[in-house]
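Residues per chain, in single letters:
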Amino acid sequence: MKKKILLLGFSTALISPLASADNQFQIFTHFDAEIYTEAQPVQAFVDDFDAPLKSGDSAFTYNIFEVGVGYGNFKVGLQSRYDYVLNFDPDTALYTHTEKNDLAFEDRFYTYYLDAKQATSNGVFVSYDFKFLDKNALTITPKLSIFASSHFQDATVNGQIYSDEVEGTVTVDYNFSKDILFKEFTPSQKPEGLGYSLDIFADWQVNDELQVGFSVKDLLYKTGYDDSGSVKGQTTEIPFREDDNGDIVTQPTVSLQTSAYGNTQSHDLEMEMRLQAFADYRINERFSTQLTIKRYDQDTFNQLKGRIHFWDHWKVQAGYETKSEAFLVGIENEYFGLNLQTDSLDLDKAYYANVNWYMNIKF
Amino acid sequence: MLKQILPLGVAIALVGCGGSSSDSEDTQSVAVTVASTSSTVNFYVANWQPSQGTLNVINSDGVVQESIAVDNINTASVSVDPLTFNSFEFIPDDSTLTCPRFTGCGRTVRGDINDLNENRLIDYQEPTAVTLNYKASAFSAPGENTVYLSPLSKVISDLGYSAVAASLAATPFYHLTHSNLSASVEAEMVTNAFTYAAIIAGATDTSFSVENAFTDFATKQEDQQAWQDYSELAAQYVTDNLFSDQGNALLQNVAGEVKQTIASVTTYSNWQERTQVTQSLDSRELLVDTRNIIGVARLQEKSYSDELDSKFEELEGAFDEDTQQTLDALINSLNEVITNYSPLADDSTPAGQYKLRDLDIDYSKSPYTWAITGTYDDLPITIDLSIPTFRVSGVLGDKIEGVMTASITNGATVLSVDVSELLIQFDGIDEVNELNPDAETGIAQLTTNVIITKAAGQLDGDLSLSLERFVNSFGEVSNTLSTFDFVGNYESSIQNTDFHITAVEASPFIGEENDDLAFTFELDFPLSGASDFKFAYVGEAANLSELTSTDIFVSVQNRALDLRIRDVSGNLNLIAKGENGRWLDVKQKGRNYSGGLYFGDTKIAEVTAVRGIPGVLFPNGDFESLF
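For the record, the sequence lines run as chains A and W. According to the numbering used here, the first sequence is numbered sequentially starting from 1. According to the numbering used here, the second sequence is numbered sequentially starting from 364.
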């Protein structure tokens, strides 16, 4: 998955930027691919979970590609998204690591908790820049996207499992277009999903030196899927007992309501919002700095960048981000930008990677 | 040990296969199509009864639905609504029944029109004055059903009892459904036996009625002599046929099963009314029954592992070779002594001291007593036997009642008979004539109480056995143990288990005497979670520890299951047949499971595995793991 994202990013980056004149009308494209994993490096996380285990409880990747046109304050365009968000218990990571590497299980109950959401969507968006204050110093931009989706996963698995035995109490609430958890119940027809999302961006040029901004992505996000695959149910730790009369009472170890035999369901997928705030300070003609705080669900990333400005509107930048422990390098101007960010140049060992580029052609 | 005796252990092994999340092949289940079901019913009536007559189909409200004239009840077939409970009644056009016993049906008065050769005996195939009624009630499972009509099935059906538990099978002995139609020979033989007994009992005692005999037995009346006689005659059908060259050749292969079914039905003490539960096609009751049985086994493993293991070990030890040897020694020595030195052999044998190999016999007359000491088959043996009175029974022949004290020692195993009443009875066939060449054969039945003390516990029970006198292929009179019933209780410091063991010599004309004993075991022992746990098995005693290649019957909470588990090079196949014709077929090959949950011939759900855990996937998408 990561390889695909990076390949897409780099190949798109090879398209040379076109110079253009300043005008009301613009054509733009934008790509951002960000992946972050805890517990295991990205590569091992996606594949065999065979790297040394570190503590952690989340993983995500957000990928968006947009191409559009703008006129004045309006922008409309096409959008493709692939998002995957996973929260898990560190004990579950330990369980998975033990299982996948054939290590010895401890004789105890492991917490088993997974909350995963994944969606691929294609759609259209429209945004409008509302300008406020003197010299239009404050811009507030709502952006509405409408999209179709036929690939998604929405799973919650919660409970505990004893050692490597079929014993434990686990509840499952799983909706999907392809059954990757049980490998049994993929619907014969892909589900049809129609969804929307709303983002809000705010940008305030406080004075010549200071600019602050704030964004809420997926402030609202909901996709309704028809004919979705689904598995809901639970396992029972001890499926038999004696009642007061001394008679045996049993229940199935596993009982599920599934979408097999065309018993598909309607399902709404919702995503968590992502918050981001920044403060950009122009130190002098040549240098500026920017502090960015990202808040994705439970994880907060603080990023500090330094920039060197040169020629006309060109800048190169470098920075560091806490939590992901990633370094960033980038080059940007008004028409084109490319930023790369990772914690390790050896991609097998990287826990974080981000490729971001944009291009604007103004007429 | 548990896993050997109860193949449930193998079933449990099916449970343990899940858990790993390694990728298994995507196996898309084939959709289960619940076709519109239909039921047909075929019939069987023992062939002593002329097969032409009227078949009445009566619904559960007692209303005759159909009345059909049939040329041959055994080839008749009717369609009924599936999942309904109906009674089927056969009224033969010709009610005449001929004597079914090769040795005849006893004495009769001079001038009896049925005594065609006027020898004052109702000989084999001579008409009798007996008439019988044929009826049975059965739940119609989807697909083919066969209902076996006999006077006993009529009484049980009329009284509304459930015969499932008594039959040691998932369905009553007079009803087969799609999944167990292969047991038709067994069912026919059992039907023959119960019909045979009704004809002979009626022929020898005109006041006999199966209805009264069974009612007295089921309601535990004091006088159950009529039922005793009927039961013995039913059991006699098996030996009569095995020990005659005119006998039904089909019987040999199912002798053990037939013997066990007859023994169980005729001694079952807990007759309960059949509960009328409306059946739905997609009911999951069989899954519950299967889980309950396995749950009971797992409950023991979990909480009482050591205790249950040692219970089974003890039980297997109790029925070991040493025990069998002491019983053999008792039976054979008694048989040899009585057939050689008694009025039954030749009344001219004088009283006195005799020596039979390593046995010293002190035989005296009036009263008849025997003091037997010495060794038999290298086992020290002491038997004191006295028969003060001879009694002549009009029904079954001569009965000899006596008192016996005996002791046989075989290492730590001690068999003792403590001043127990001994009953020996003969079938009354003592005259040889041309029309009755089988008269040379005869049956002696011996009943006594024995106690076998083992190192760990004690078997205490009533031993009942039949000795067959017949002319073997060398033209010699042979005495063979033809049947063996041992009903009692095994008691030790850790258990109190009721048992019923039977054996029958399945092929007396082939090989050595008693080299083909078909054994059956029925064990009733309370377990935690199942105070009424019952286990039954037909097969060689030596195969008790290899039950994965045979079939067993288990019941818990009055719910019966026939289990068959086959393990062929690690590929397991479990077939669980439940009540009313439901059955479950699970095949395991590696991590793959297949099979189905069926009702009669209709598949109602697919067996599959989810993450390695076997279960049943219903058409509505519900998945239930098997265990």
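It should be emphasised that the hints constitute simulated quantities derived from the structure, not laboratory data. Since the model is a prediction, treat every value here as computed from it, not as a measurement. Where a beta carbon is used, it is the ideal one built from N, C-alpha and C, also for glycine. You may find that some hints are simply not true.
[Unchecked claim] Stretch-level coverage of chain W by chain A, calculated; a stretch enters the list once three of its residues show a Cβ under 8 Å from a Cβ in chain A:
| hint | segment |
| --- | --- |
| 1 | 427-438 |
| 2 | 892-901 |
| 3 | 974-988 |
Going through the hints against the structure:
1. 427-438: violated (count 0)
2. 892-901: holds (count 3)
3. 974-988: holds (count 11)
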